[in-house]
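From these two lone chains plus the hints, build me the complex, please.
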Amino acid sequence: MSEATLDTSPTTNAQPQAARFAVFGTSFVIGLVLPVTAALLYEGAFRLGLVQARLLPPPSRIFTTLWTLAKTGELTTHVLATTVRVGMGFGLGALVGMFLGALTGASRNARRLLDPTLQGLRAIPSLAWVPLFILWLGIFESSKIALIAVGVFFPVYLGVMAAIANVDRKIVEVGRAFRLSRLALVRRVLLPAILPDFIIAIRSGLGMGFMFVVAAEIMGASEGLGYLLVDGQQLGKPDQILAAIIAFAVLGKFGDWLIVVLTKPFLTWQDTHQRGA
Amino acid sequence: MLTIDALCKIYPNGTQALEQISLNVDAGEIVALVGGSGCGKTTLLRMISGLEAPTRGHAALDGEEIRAPHPAVGMVFQEARLLPWLTVAENISFGLDDLPKAEQDARVDEALLRVGLAGYGKRWPRELSGGQAQRVSIVRALVTQPKALLLDEPFSALDALTRTKLQDHLLALWETHRPTLVLVTHDVEEAVALADRAIVLQPKPGRIFADIPIDLPRPRDRLSPEFAEAKRLVLKALDGSINQPNPHQPGKVYSPAAGGSF
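Protein chains in written order, with the numbering used here: chain A, 547 to 823; chain B, 801 to 1062.
By construction, these hints were calculated from the structure, which means they are not laboratory data.
Note that the structure is predicted; figures quoted are calculated from it, not measured.
The beta-carbon is built from N, C-alpha and C at its ideal position, and this holds for glycine as well.
Treat the hints with care, since some could be wrong.
[Said to hold, decoys possible] To give an idea of the chain B side of the interface with chain A (calculated C-beta under 7 Å), a few residues:
| no. | residue |
| --- | --- |
| 1 | P869 |
| 2 | M875 |
| 3 | R881 |
| 4 | W885 |
| 5 | A889 |
| 6 | G895 |
| 7 | W924 |
Okay, chain B solo, but in the shape it has when bound (with noise of 0.2 Å):
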């Protein structure tokens, strides 16, 4: 399980980016951090996975505190971040440094075969289009088998086709070692065909507004009147976290039942 207890993030320029972020995530269960721009939801997936300090409060994978880059969460970035010096196949091998070579081999071979680049382990990066390029850049972080992997909007950059595609590539790949996902989007679609829950941020500080779940079974239908239902429940939340004039409400959790009266 991966805990997140009063986590704050004040900058040293005193900006404060996180306010008391409180939040538990099942081992498991996917979770998408969703959040206009500045509300401080790339910080705190980069405190989870330990790439940034917190002022405050800690993150703990299990029970053991994230301090720095752990071996059990993987990171996957928003751009694909090859190295551009290694091939396909070694980029996805990276992290596999203490493995034996022929484990490391065939863990890449099934990993390009899951993601429908069979034969591409040869090529560099820079032959690769951005969704083939992101496709490695997911694998190369769940070769690693993690317990938790954390994803900081990980398909912005693609177009729509591509990003849908990749959303059931990503789905498919949880699917073999359920690890726990946390993905920050600020693509409501992609927070609704993903997630179990939604957690919604407010900006300035940046806090959890709202915690939706989303009780859809997979494989999700993005045509459904349920998906769809969903999606406007996360809109609104998301507009009320930008909109609401006196905001801080500790503790207040926004339930669908309630219409969302806020």
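For reference, chain A alone in the conformation it holds in the complex (with noise of 0.2 Å):
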């Protein structure tokens, strides 16, 4: 019924740029609100000698501390050597978690096969891996890109076997309908189908890549955020801890922003939040 009056409109779809910058400006704004009036009022009620900063630094030594790592050059070989091992335990642990997620989710037999062995093995909490992979691998890199691994397996695992088992039926007869081969079935239908969904697994893989860093470099590591996590705890430094609080969500946020940016423009069909906004 009102199909006469769209026609006559087909560029209404085109939101102005600025206005969506704006959009996204404000809401910014916004979530910064709470944590920086925090931050304001802790580090008053600081210089007004109301509160006792031993244990909790104020704002202002925190990011002292911090500068003074980034300056001595610190802070980089600690960022660089967390990034590694992210970087090679993620790089495993996707992999492999992507080959079996679409060997389980496109196979049935597959899936009876080598689904609960998987499920059993994710209900093992990875960090009881720990004392295994350091006798198996040492206490170096090894073991810990290994425990990496294995948190960045299930969620990945998890994602592609489930948004391929999902993949709507529909859609794939379309393609059947218009004869195209198993290869390019694939590419032109399954692949941009599950693309979304696998976005969302790669990107809670790297949370818990993150997560089991600090684990890895907890266990015992002479360089890395996690090592300068327990030598700020071991010399009584809570300021050097939570600086390398702050590096670790940094760090973490912009490895997440860099996988939304990387698949945005795959991305663009879908509903973008910002319009709903």
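Below is the structure:
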């Protein structure tokens, strides 16, 4: 009924770019209100001598520590070490997760064979592997990367399996009706159909990677952000601990942001939440 | 010509969905398969399309048996089934992969123009209304210029006004290349508005109950007494197909001249 009116306005969907940025900017600022206010209040309370800041240093001191670490190049060393570990563990875990997830998602027999075992392994708290990995792989990089890979594997595996198993049969049938070959069906229908879920799986995998790198580095490391945490604890330097925590937050957020930005061009067809906001 | 020869479908659980369906559809003819739910009309269409295999018998296009989706047979589903990650234009050219890009674009632009969606090529399917999406779905099947187009209740999810409009669109599109149309519907008015013949199916097991020619000139006036009379005939056959106590009379073809004596 409203089609006649729609016909006349083929450009209404192109929301002005500037307006979108404005919306994004506003929500960004609103999101900052709470943490910034809290930090300023605490800083103020510290300056006025209202709090003893021995265990929880004020923001200014944390940033000074962070700045010092950055200036001496120490921060770069630690960030780099952590990034390399997460990168390798993530790469390994995500690859195996994708492969097995695709296999079990596509084939019912493979699912019946593999999934119960994998689900059983998933039920083991991943940190329980630590002693075994150290025995097998030594205390250096290999055991850490293996632990991170285990953490990354499961969300990726589950996400990819579910994404493939849940592909709309009706859409696949369109591919069949147009006589796509098996390969073309995968390339033109299946892969684009699972992409959104796949990206979510990869993102949660990376999140797990950052979780497990901390565990791995607390286990024993001579560099890395997790080492900074332990070092700060042993030497009684809460500002260093908090500086490392902030570095973790920034690094994790950056990794996630990188995935989002790199995959965005492939997902423009999906509803962007900005238009709803 | 589309030939359906003694087609049977028995599901693995033993349900007989279709029994001995035989039907010839001439090139360029429009045939409506009409019937209540569970009479197997969609199953029949899916077997003609090659998406499903018959238990016995076969369907053939110009003598060539259809065992899998056939290049000269297009399919339109009840839902538009557009691929959400492709733009409207990319959806329409989905089956045109083998053609050069320029030819693809030309056909897409023409198709969009024909269904009143010029300028919609760059939109995403989610931005279309139900009627617009179904129009895109129809031209997606037609741009490959199939000899036969199969439509599975293509307008049943749309409101009455949009449905009428789309039926007109379909006829206008059909006029160009005159493909054979096989349309599954439960809407008697739709069958009479579009088809040269209404095939009424009977359930349990699904089989042909009546084959009613609809000899009305096009464009058809939906308000004319002839239209109403044709509708009445189809409706009556439909009623008979559901209520007939002792059903199976092979070869019996309902003819309006007999006055609907069943």
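Hints, verified against the model:
| no. | hint | result |
| --- | --- | --- |
| 1 | P869 | holds, 5 Å |
| 2 | M875 | holds, 4 Å |
| 3 | R881 | holds, 5 Å |
| 4 | W885 | holds, 4 Å |
| 5 | A889 | violated, 12 Å |
| 6 | G895 | holds, 4 Å |
| 7 | W924 | holds, 5 Å |
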